[in-house]
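To convert a position in the sequence shown, counted from 1, into the numbering used here, add 5.
Since the hints were derived computationally from the structure, they do not count as laboratory data.
Note that the structure is predicted; figures quoted are calculated from it, not measured.
Cβ atoms here follow ideal geometry from the backbone N, Cα and C, with glycine treated the same way.
Any given hint could be a false lead.
[Said to hold, decoys possible] Distance condition first, Cα-Cα at most 20 Å in a straight line; then the derived SDA-like pairs of lysine to any residue:
hint: 1; residue 1: Lys211; residue 2: Gly259
hint: 2; residue 1: Lys211; residue 2: Gln279
hint: 3; residue 1: Lys211; residue 2: Phe280
[Said to hold, decoys possible] Computed spacing ranges between beta-carbons, pair by pair:
hint: 4; residue 1: Arg296; residue 2: Gly20; range: 13 to 23 Å
hint: 5; residue 1: Asp334; residue 2: Leu166; range: 49 to 59 Å
hint: 6; residue 1: Asn15; residue 2: His164; range: 15 to 25 Å
hint: 7; residue 1: Asp248; residue 2: Gly343; range: 47 to 57 Å
hint: 8; residue 1: Gly123; residue 2: Ser100; range: 36 to 46 Å
hint: 9; residue 1: Thr81; residue 2: Gln16; range: 17 to 27 Å
hint: 10; residue 1: Leu344; residue 2: Asp221; range: 49 to 59 Å
hint: 11; residue 1: Ala249; residue 2: Asp63; range: 23 to 33 Å
hint: 12; residue 1: Asp221; residue 2: Gln16; range: 37 to 47 Å
hint: 13; residue 1: Ala102; residue 2: Arg171; range: 43 to 53 Å
hint: 14; residue 1: Glu143; residue 2: Gly17; range: 21 to 31 Å
hint: 15; residue 1: Asp120; residue 2: Thr326; range: 16 to 26 Å
hint: 16; residue 1: Gly153; residue 2: Gly343; range: 26 to 36 Å
hint: 17; residue 1: Asp248; residue 2: Gln27; range: 18 to 28 Å
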Amino acid sequence: MTHQHPVTLNQGNLGRLPCEVQVPAYRRPGLAQSIVHIGVGGFHRAHQAVYVDDLCRDHGVTDWGFCGVGLLAQDTRIRDALGAQDCLYTLVERSAAGDRARVIGSIVDFLFAPDDPGAVIGKMASADTRIVSLTITEGGYFIDQGSGEFREDHPDIVHDLAHPQRPTCAFGYLLEALDRRRMQGMQPFTVLSCDNIQGNGDVTRKVLLQFAGLRDPALRDWLAEHGAFPNCMVDRITPATTDADRALVRNAFGIEDAWPVVCEPFRQWVIEDQFCDGRPPLEQVGVQIVRDVHPYETMKIRLLNASHSAMGYLGYLAGYTYIYEIMADPAFRTFILGL
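Use the sequences and the hints to build the structure in full.
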């Protein structure tokens, strides 16, 4: 069925959306912005924001909403899209069984850092912020791919050391906000990397402590003693949004959404229970809270990444284009299951 009169997505229009679309039933204005998330891309909106939306919707949790932050020039696009929609967006899970749509409401504000760096630093330094989470891609960690060492000579690092109140990179914002909390006698917020990097929390800790040491050894020592950088493993296939996806949301679900997200039904989040300023009860919505995430990372690399690589290389040589075509071939299916 094609909807002839799609409804523009915003808070005031939630009651006008088709009944088959789930919408936030909780009071979004009362949702505390206790998590600041840097890097509000498709994956964050299909993963971490969805788990928190589940908490709000199914368990009445109101003290763990998101304030999104964009650092890059291209983040003006997501700023404008979310701003026009009261930070709401449509999530579509696609599978062989059909498509399911829901509106996610756990992001309640968005700040574009280049417009007002002080507002972002102030938000993170506030006692109301208890976690700062990251999806900034591997390149945002300033790790040399050859040596594995922190690139303290990177121009962004050099700039942010010289101009701490006008940083350009995520770690510059983290460090300035954490230093303000230290100077005010507050505890640090937890820094939670959600990037697809092995030992992402360990990498984050290494970079931030080395960066802090360049600025003030006392700040480094305070972070080393009081900070928290849990490792976590994330998984959900989330392709980049296309105009075809926007048309799908418009025609199949009757929603005019500037930037929906399309993803697979499967999702997984495994987090080490190492937080320094509280955490949301994510175990209530299927997140695995564990002592050590490394066995789960090993499982993913060996079972998922290895099988994907095998299918990709051999399937291409066999003339296939898509993974599902490869798995439909009995010979390939037997081979993959036997790996």
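### Query
So which of the earlier hints does this model not fit?
1, 4, 6, 7, 14, 15
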